Amino acid sequence: MRRIERGHSIAEGCRRPRSRVADSARICLLLLPAAAAPLAASGQETDMVIPGVDLRDFIVERYVPPIAIRPLTVLAEDAGLAREIEGIIARDLDYSDRFRVRDSLPAEFAGEGVQYALWEQFDVDWLLVGTVEPQGPAGGYTFAVEVHDIVFGSLKARATFPLPARDHPDFRLAVHSVSDAVVRWVTGDPGMAATRIVFRMRAPGEQDATELYIVDSDGRNMRRLTWDGSIATSPAWSPDGKRIAYGSFKSGLPRIYELSPGDGQQRLLVPEGHGQHHMPTYHPDGNSIVFAIVGEEPSGLFSYDIRDGCCLQRLVGGRYNDLQPVFSPNGDSLIFMSTRLGMATPQVYLRPVGEGDDELLSPFRYGEGGFFTDPDWSPCGDKAAFAGGIGGRRQANRYHILVAEIGGGGRRLLQLTQEGNNEDPNWAPDCRHIVFQGTRSYGSGVFVVDTVTGRTRLLVPNVKAEDPDWSPILAENGVVR
Amino acid sequence: MFNPRLVLAAFATVVLAAACRPEPPPPVAPTPTGPTAEELAAQAEQRRLDSIADAERRQREAQRQAQIEIDRRARAARETLTQMVFFDYDESTLTAETTETLRSKLAVLRSCPTVRLRMEGHADERGTSEYNIALGSERAQSVSEFFTGFGLADTRFSTVSYGEERPIAQGSNEAAWARNRRVEFILTAGEGDLGQCAG
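In the order they appear, the protein sequences are chains A and B. For the first sequence, position 445 matches number 445 in my numbering, and the numbering has no gaps at all. For the second sequence, position 1 matches number 1 in my numbering, and the numbering has no gaps at all.
Read the hints as simulated data drawn from the structure, not as lab findings. No experiment lies behind these values; they were computed from the predicted model shown. Please note: incorrect hints may appear among the correct ones.
[Said to hold, decoys possible] Covered by chain A, according to a simulated footprint, are these stretches of chain B (three or more residues, beta-carbon under 8 Å):
(1) 122 to 131
(2) 135 to 146
(3) 155 to 161
[What the hints assert, rightly or not] Think about it this way: if two alpha-carbon atoms lie no more than 20 Å apart in a straight line, the pair counts; the simulated SDA-like pairs of lysine to any residue are:
(4) Lys250/A <-> Ala176/B
(5) Lys464/A <-> Gly205/A
(6) Lys464/A <-> Ile168/B
(7) Lys464/A <-> Lys156/A
(8) Lys242/A <-> Asp189/A
(9) Lys464/A <-> Ile186/B
(10) Lys464/A <-> Ala176/B
(11) Lys250/A <-> Thr188/B
(12) Lys156/A <-> Asp189/A
(13) Lys250/A <-> Arg166/B
We treat Cβ as the ideally placed atom computed from N, Cα and C, and that holds for glycine.
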């Protein structure tokens with residue numbers, strides 16, 4: 001039975017998760033009446049009601065296969081090396097939400113060879129074994145990894161990865177890329193371990209300034225990127241992961257800058273144009289950006305060629321505020337936030353870059369309010385996430401992370417958070433996880449939610465972080481891009 | 001031609017002077033012939049110089065007073081121009097109180113055509129930070145449109161929004177929020193003319 005189910009989801013609507021599956025979670029699906037036949041009242045207590053939208057439970061029940069990491073064989077005089085690599089990979093596989101990581105292995109499981117019958121008794125579906133050998137004069141290693149399918153009793157995949165020296169700044173990133181290879185081998189889907197997340201935060205001792213910070217995908221290695229002494233806003237990764245565009249007040253007027261996190265180099269990205277410049281996003285080809293001009297007509301969303309430094313062009317705008325543009329992965333369309341329906345009721349729209357009409361993505365009903373901002377387009381193109389203040393901004397400062405299907409016209413929404421305040425969702429390159437800023441009774445932090453299981457974790461606790469943006473994959477097969 | 005009164009007066013003067021001052025009195029015996037022409041000219045010249053000095057002193061004092069008045073007017077005008085205005089929650093429309101404050105600014109701006117202002121719009125912490133950039137911008141523009149609506153040149157006004165990034169009151173309560181929903185005014189030109197032009 002287990003052999004057939006493995007890796008597949010069993011979706012069963014409107015029921016609570018059965019206890020067998022530890023990682024399944026309750027996710028609420030919001031449906032506008034227009035989208036479906038009238039739904040039975042769920043009786044569910046909720047603090048959020050979108051006018052005209054019914055709420056019901058939607059259970060994703062998913063078999064999460066157990067995996068074990070056999071203690072690595074290390075042919076080097078570094079006792080801590082194996083434990084560090086095992087620790088990084090185990091956490092990555094856990095954070096991928098595609099495995100249950102079994103630890104506390106009995107001593108007899110160590111050693112050469114893989115006895116499938118023994119491992120099956122230990123109740124694991126997958127087994128990772130590996131050998132680390134010194135390689136080259138720079139203190140690097142080669143990491144030979146095998147993933148065994150215990151259920152079918154066969155070798156699933158095997159590869160050898162280069163790793164830099166343990167004190168090299170790219171060491172952890174290279175190990176993360178091995179975790180992504182394991183996810184890819186087993187599920188066929190991309191991982192997101194070899195990534196980083198940029199966000200902005202008040203620096204210690206700076207009352208009026210927010211600076212950019214960066215953290216690894218597993219919440220480790222947080223460090224500061226800017227010392228502008230000013231307000232940094234809305235960081236966005238370039239498609240190649242080598243640059244970060246962001247807004248800053250450091251010249252007095254808000255302008256768009258580009259930062260290279262590798263060497264700290266900065267440049268003014270849009271040296272021309274009127275008004276205040278905000279909220280940049282890269283075109284998928286990396287050669288141009290779209291950003292918002294605020295406060296002076298003509299206002300709206302403008303594109304600018306950052307390769308040649310020219311060709312400022314207005315794409316959309318009017319006597320209202322169009323903000324927060326994000327490209328579709330193919331560059332054909334933009335989603336953005338607009339106050340065109342009224343200042344108190346910002347909504348999320350989709351717009352073709354060329355000719356065409358705008359489409360409302362958020363669940364607005366005329367005269368009934370609703371506050372929807374912070375859109376982000378999934379790297380796979382089929383979904384958009386945004387933050388929703390349901391019941392109107394006037395009632396509470398409580399927003400939740402919502403996911404809409406592109407083309408669904410806002411009629412079908414997945415609500416991923418159930419408590420506190422949640423803003424600024426941003427997709428991981430695996431098209432599955434979303435990072436956001438959250439505030440709970442116990443404090444604020446950077447959170448990550450899995451859109452499949454609903455599992456949420458606090459990635460960076462005790463920080464008032466804003467505008468997190470998830471990088472593309474920064475390393476593959478041990479090699480940093 | 002002997003005048004005993006004159007002698008007596010002179011004597012009394014000497015005695016009085018001697019009583020007051022221990023040093024010997026200067027010779028004060030009147031000269032029968034009176035001051036010479038040179039002396040008279042010197043005295044006249046001295047009086048003339050004294051009166052000039054006095055006039056200059058009076059002029060300096062008047063100037064000082066005028067400067068104090070100019071400074072006072074400049075200070076009052078600056079205070080009028082930079083007094084911040086506040087907004088209702090999630091609103092960029094001008095309240096009656098805000099309109100009153102803006103009218104007093106309007107009077108100064110009318111009489112001081114060299115003055116330019118930058119309006120800095122702010123929002124409270126509620127609402128997402130990007131939305132609040134828009135809200136702060138709307139507030140600054142509402143103020144700008146009030147002035148241009150009364151005929152002032154729009155080239156005299158610029159706006160910038162800080163959204164929720166620069167609160168002047170900390171805390172998550174209505175008192176703090178009300179202080180933070182504001183437009184601040186920065187003089188970007190014409191500050192030196194305020195004392196002369198402002199009423």
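Comparing the hints with the structure gives:
Only residues whose beta carbon comes within less than 8 Å of a beta carbon in chain A count, and the stretch 122 to 131 of chain B has 7; three or more means the coverage holds. As drawn, the stretch 135 to 146 of chain B meets chain A at 5 residues by the rule of a beta-carbon pair under 8 Å; at three or more, the given contact holds. Coverage of the stretch 155 to 161 of chain B by chain A holds in this model, with 3 residues showing a Cβ closer than 8 Å to a Cβ of that chain against a need of three. A hinted pair counts as satisfied when its Cα atoms are at most 20 Å apart, and lysine 250/A with alanine 176/B does not qualify at roughly 26 Å.
Restraint check for lysine 464/A and glycine 205/A: satisfied, since their Cα atoms lie roughly 14 Å apart, inside the 20 Å limit. Note on lysine 464/A and isoleucine 168/B: the hinted pairing holds, with a Cα-Cα distance of about 18 Å set against a maximum of 20 Å. Taken as a hint, the lysine 464/A and lysine 156/A pair is broken in the structure, with Cα atoms around 43 Å apart against an allowance of 20 Å. Under the criterion of a C-alpha separation no larger than 20 Å, the hint pairing lysine 242/A with aspartate 189/A is inconsistent with the structure, at around 23 Å.
As the CA atoms of lysine 464/A and isoleucine 186/B are separated by approximately 30 Å, the hinted pair breaks the 20 Å bound. With a CA separation close to 19 Å, the supplied pair lysine 464/A and alanine 176/B stays within the 20 Å bound. In summary, the hint linking lysine 250/A to threonine 188/B is supported, as the alpha carbons are separated by about 18 Å, within the 20 Å threshold. Restraint check: the Cα-Cα separation between lysine 156/A and aspartate 189/A comes to about 15 Å, which is no more than 20 Å; the hinted pair holds.
For a cut-off of 20 Å, the pair hint linking lysine 250/A to arginine 166/B stands: about 14 Å separates their Cα positions.
Of the hints listed earlier, those the structure fails to meet are numbers 4, 7, 8 and 9, in rising order.
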